[in-house]
Amino acid sequence: VLSVHAFDWPDLIAAALVAGLIAGLLGVERKGAFQLMVSRPMVLAPLLGAALGDAAGGLMIGVPLELLTLGGVSLGAAIPENETVIAAAMTSLVVPAGLKLGTGVDEPLAALGLLLVAPLGALGRQLERRAELYNQDLVDRARARVQSGDAGATRLNLRGLVWPFAFTALIALACVLCAPLLVALRRASPPRLVAAFEHGWHLVWALSAAAAIRAIRDPRAAALSAVAAAAVAGLAVLAGGFH
Amino acid sequence: LSALAVVPDDAPAPLSTATLLRVFWRSLFLQASWNPRGMQNLGFDYAMGPALEALYADPQKRALAAAA
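Sequences listed follow chains V and Y, in order. Here our numbering runs 139 ahead of the position in the first sequence, where the first position is 1. Here our numbering runs 225 ahead of the position in the second sequence, where the first position is 1.
Next comes chain Y alone, as it looks inside the complex:
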């Protein structure tokens, strides 16, 4: 199936192993700010931080992605 996948020309580069390891490390704190309203919402945003940094060089766009 992967051979059939169409990758658009403007697709971002794959995340590096170092970035993925940072995401993994932060995922260990997924429930640090567990709350009844959003549960792991802030923890998930925190864990995805390194990936967003790699995908969005522009801080404004990164903040928009984090707020989404």
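Chain V with its partners taken away, still in its complex shape:
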């Protein structure tokens, strides 16, 4: 059942390289350069989706991820889960799979994709921590060179961009190459499991709405987030019904 031979591999490899390049650049933009917020899931996912052939599918992924990660802010030494890595990985995995299946990014596929890539957010945080420790070495080297009279050694600052580019690009690239496995998993899923994934995606929306409201840091946030989750879940049931 897990056949991956139906994919056109040259096209998939080209898509992986494009996704890797875009994700790497946006991974750098997240903290190291510009900080124009293009790396936020709501912007990154449609952009990457458009590059891979399905901007609307990217948007379907990006909006709930944006809400889900809204409260995680990289301030000082606090490192949240890397939302850029999650969004890039999920878009790179799910969009090519949706195109191959002919369904686009539908609810079961999105839920299955999120299930697979969710741990990558924590991995992204670990990699970011390692990059920051590498940056401390860069500072020590720059300081030693400046103290010996080389004022231009401050250019070592730019080498700090290499790690975020590399790990974000490699993760996105690997996820595109894993898209055939997602296709195979989706095809192998029995109808009841597909229905469960579909409802699971609605719950992700409910959780996202709750997480976004919880991020307002207000004493009433917990209660409001519960109301938001219930409202979104209720709307999902009304709109889609239970199977």
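Keep in mind that a hint or two might mislead.
A few chain V residues that face chain Y, going by a derived Cβ cut-off under 7 Å, partial list only [said to hold, decoys possible]:
#1 K170
#2 A172
#3 E271
#4 N274
#5 Q275
#6 A283
#7 V285
#8 G288
#9 T293
#10 N296
#11 G299
Among chain Y residues calculated to face chain V with C-beta under 10 Å, some are [stated by the list, open to error]:
#12 L245
#13 R247
#14 F249
#15 F254
#16 Q256
#17 A257
#18 W259
#19 G263
#20 L267
#21 L277
#22 E278
#23 A290
To be clear, the hints were calculated from the coordinates, so they are not data collected in a lab. For each residue, glycine too, the CB sits at the ideal point set by N, CA and C.
Take the given structure of chain V and dock chain Y to it, following the hints.
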């Protein structure tokens, strides 16, 4: 208040617009080497590079200013 400001005779010339634009461009990479110990320290030094070049013609003095 600017009319009351006393500018010393040996004060350096104001930085040119081109220098300020270079500083601005480099400031966009302020956090490129963010680290837990010094945070934006190297990024700030990198961003100020063009201004230090304009203010300190002598490379040794420039390096001293960058290390300060």
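> Would the stated hint for A290/Y survive a check requiring a Cβ distance to chain V of less than 10 Å?
Replying inline: For A290/Y, the interface hint holds, since the closest Cβ of chain V sits about 8 Å away, which is under 10 Å.
> Any CB of chain V closer than 10 Å to the CB of L245/Y?
Replying inline: With Cβ-Cβ at 18 Å, over 10 Å, it is violated.
> With a cut-off of 10 Å, does the beta carbon of G263/Y approach a beta carbon of chain V closely enough for the hint to hold?
Replying inline: Holds - the Cβ of G263/Y comes within 10 Å of chain V, reaching about 6 Å at its closest.
> Any CB of chain Y closer than 7 Å to the CB of Q275/V?
Replying inline: 4 Å, holds
> Can we keep the W259/Y interface hint, with Cβ of chain V closer than 10 Å?
Replying inline: Interface hint status for W259/Y: holds (6 Å vs cutoff 10 Å).
>> Take the shortest C-beta to C-beta distance between E278/Y and chain V; is it under 10 Å?
In response: Since the shortest Cβ distance to chain V is 8 Å, the answer is holds.
>> Can you verify the interface hint for A257/Y: is its Cβ closer than 10 Å to any Cβ in chain V?
In response: 4 Å, holds
> Can G299/V be said to touch chain Y, with a Cβ gap under 7 Å?
Replying inline: 3 Å, holds
> Hint check: is the beta carbon of R247/Y less than 10 Å from a beta carbon of chain V?
Replying inline: 13 Å, violated
> How about E271/V: closest beta carbon in chain Y under 7 Å, or not?
Replying inline: 5 Å, holds
>> Min Cβ distance, T293/V to chain Y: is it shorter than 7 Å?
In response: 4 Å, holds
> For the hint on G288/V, does the least C-beta distance to chain Y fall short of 7 Å?
Replying inline: Check passed: Cβ of G288/V comes within 5 Å of chain Y, closer than 7 Å.
Comparing the model with each numbered hint stated earlier shows that hints 6, 12, 13, 14 do not hold.
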